[in-house]
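Per the UniProt record's numbering, the sequence shown runs over residues 1 to 366.
No lab work stands behind these hints: they were computed from the structure.
The structure displayed is predicted, hence computed values, not measured ones.
We put the beta carbon where it would ideally sit given N, CA and C, even for glycine.
Fair warning: there could be bad hints in the mix.
[Unchecked claim] Okay, the calculated beta carbon distance ranges per label pair:
no.	residue 1	residue 2	range
1	P307	H237	13 to 21 angstroms
2	R22	E100	48 to 56 angstroms
3	R284	K201	20 to 28 angstroms
4	R284	S261	39 to 47 angstroms
5	T142	S261	45 to 53 angstroms
6	P143	K242	47 to 55 angstroms
7	K137	G297	51 to 59 angstroms
8	D87	H210	30 to 38 angstroms
9	R292	S261	22 to 30 angstroms
10	R22	E125	27 to 35 angstroms
[Said to hold, decoys possible] Distance condition first, Cα-Cα at most 30 angstroms in a straight line; then the derived DSSO-like pairs of lysine-lysine:
no.	residue 1	residue 2
11	K105	K253
12	K148	K303
13	K145	K83
14	K187	K267
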Amino acid sequence: MGVYQRDGRWMVYYTDVNGARRDKSFGRGDNAYAEALAFDQEKKSASKQSRGEVSSSVSIESEQPVKSEEVLVNTSPFEIIFKDLADKYIEHLEVSGRTETNTKKLKKMIENQFNPLIGDKVVNEMTYVDDMVPFIKIFQNTPGKSGKPRSQLTVNRYGDYVNAIFNFGVAMGLTKVNPMRGRRKSKEKPREIQLTVEDIKRIMECAESHIRWAMEVCFNLGTRPGESELLALKWEHIDFEKSVARIYASKTKTYRIVPISAKLLEKMRSRMAESTSGYVVDYRGERIGMIRKGFRGACQRAKINYPVRMYDLRHLFATTMLSKGADLAAVSKLLGHSMISTTTSHYYHCLESEKERAVSLLPELV
1 MGVYQRDGRW MVYYTDVNGA RRDKSFGRGD NAYAEALAFD QEKKSASKQS
51 RGEVSSSVSI ESEQPVKSEE VLVNTSPFEI IFKDLADKYI EHLEVSGRTE
101 TNTKKLKKMI ENQFNPLIGD KVVNEMTYVD DMVPFIKIFQ NTPGKSGKPR
151 SQLTVNRYGD YVNAIFNFGV AMGLTKVNPM RGRRKSKEKP REIQLTVEDI
201 KRIMECAESH IRWAMEVCFN LGTRPGESEL LALKWEHIDF EKSVARIYAS
251 KTKTYRIVPI SAKLLEKMRS RMAESTSGYV VDYRGERIGM IRKGFRGACQ
301 RAKINYPVRM YDLRHLFATT MLSKGADLAA VSKLLGHSMI STTTSHYYHC
351 LESEKERAVS LLPELV
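Input sequences plus hints: build the corresponding full structure.
In structure tokens:
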């Protein structure tokens, strides 16, 4: 029995009642990893029980009566409260290679959103009906920082984070139960991307130089914005002879090769000659940690009157190519998706002409 990865998916192999090997997939990401650990621990515990093994921490016959005070000490692993479990989960992420920005963001979310509601509750005494349903309802019924109701997408993500923390606790033997186990996520309304190439040009005209350059690189290479890809891209990742960029995707832990247009390559040559930071996108010779605020300001100055994010440039990178007949598999590779089905589910609405072309290939029967 054990946890392993296949094509970026977290898997668990175990032996069934007939002695045959079985492999179970839990998907990708930290939540999937925590679920895989919990399932593996569950299978191992069941295997020990079937062999008649007893945990070494459990004494069958005690030589002396155990005092009530000692019971509290000995059962402490299962008396852990949520905020202490969350702290241990953050430490786990830090040593597992998660970026400092991601862990800080999650830690702040836990401290500001989760701990005030369930931080002092003993996890092993919590249930889905009595504790987690009210927890979820609070986020559904209270506005966020903007004053607007939280989207179902946000509420679902909050639930995913808490679920991952509970799964981690079960997998590490810190808790016996996951109070989120009975949860069924509500369907999320797909986010409509309204950004157009014309509006990108308007935003760039109103943006500061480094924001304008970041937008150009993001749109032409299809990078994930932020420190994971766009702001982590270094000049050493640019092959000027082959006209390609070697982009590392921290989400899938893989590199992908993206061709660079001749026009962008020339701009990169000029930029690199003046750069002192080593990064493709920088500001006054220093690496940038975030461009969200600068991008939002440019959108306001351009009088863009609909919601738009830097990530929309990556979406537009994909939809523009697909709508012009680009091969779906090729676009999937450029985006860094580990499975073409991911690209299909996100972008197949752009391929209406492909549907028509596919139907036109059918022969006439009469």
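So, going through the hints one by one against the coordinates:
As the Cβ distance of P307 to H237 is approximately 31 angstroms, the hint placing it in 13 to 21 angstroms is violated. For the pair R22 and E100, the beta carbons lie near 38 angstroms from each other, so the given range of 48 to 56 angstroms is not met. Between R284 and K201 the C-beta distance comes to about 25 angstroms, which sits within the given range of 20 to 28 angstroms. Range check, R284 to S261: Cβ separation about 27 angstroms, and the 39 to 47 angstroms hint is violated.
Checked against the hint of 45 to 53 angstroms, the C-beta distance between T142 and S261 comes to roughly 47 angstroms, which is consistent with it. The hinted window of 47 to 55 angstroms between P143 and K242 holds, with their beta carbons roughly 50 angstroms apart. Against the hinted window of 51 to 59 angstroms, the Cβ-Cβ separation of K137 and G297 comes to about 36 angstroms, which falls outside the hint. Take D87 and H210: their Cβ atoms lie about 36 angstroms apart, and the range 30 to 38 angstroms holds.
At about 26 angstroms, the CB distance of R292 to S261 agrees with the hint of 22 to 30 angstroms. Between R22 and E125, the C-beta spacing of about 33 angstroms keeps the proposed range 27 to 35 angstroms intact. Simply put, K105 and K253 have alpha-carbon atoms about 20 angstroms apart, close enough for the 30 angstroms limit, and the pair holds. Taking the CA atoms of K148 and K303, the gap is near 21 angstroms; set against the 30 angstroms cutoff, the hint holds.
For the hint pairing K145 with K83, the CA-to-CA distance comes to about 22 angstroms; that is within 30 angstroms, so the pair holds. Using a Cα cut-off of 30 angstroms, the hinted pair K187 and K267 is violated, with the two alpha carbons roughly 44 angstroms apart.
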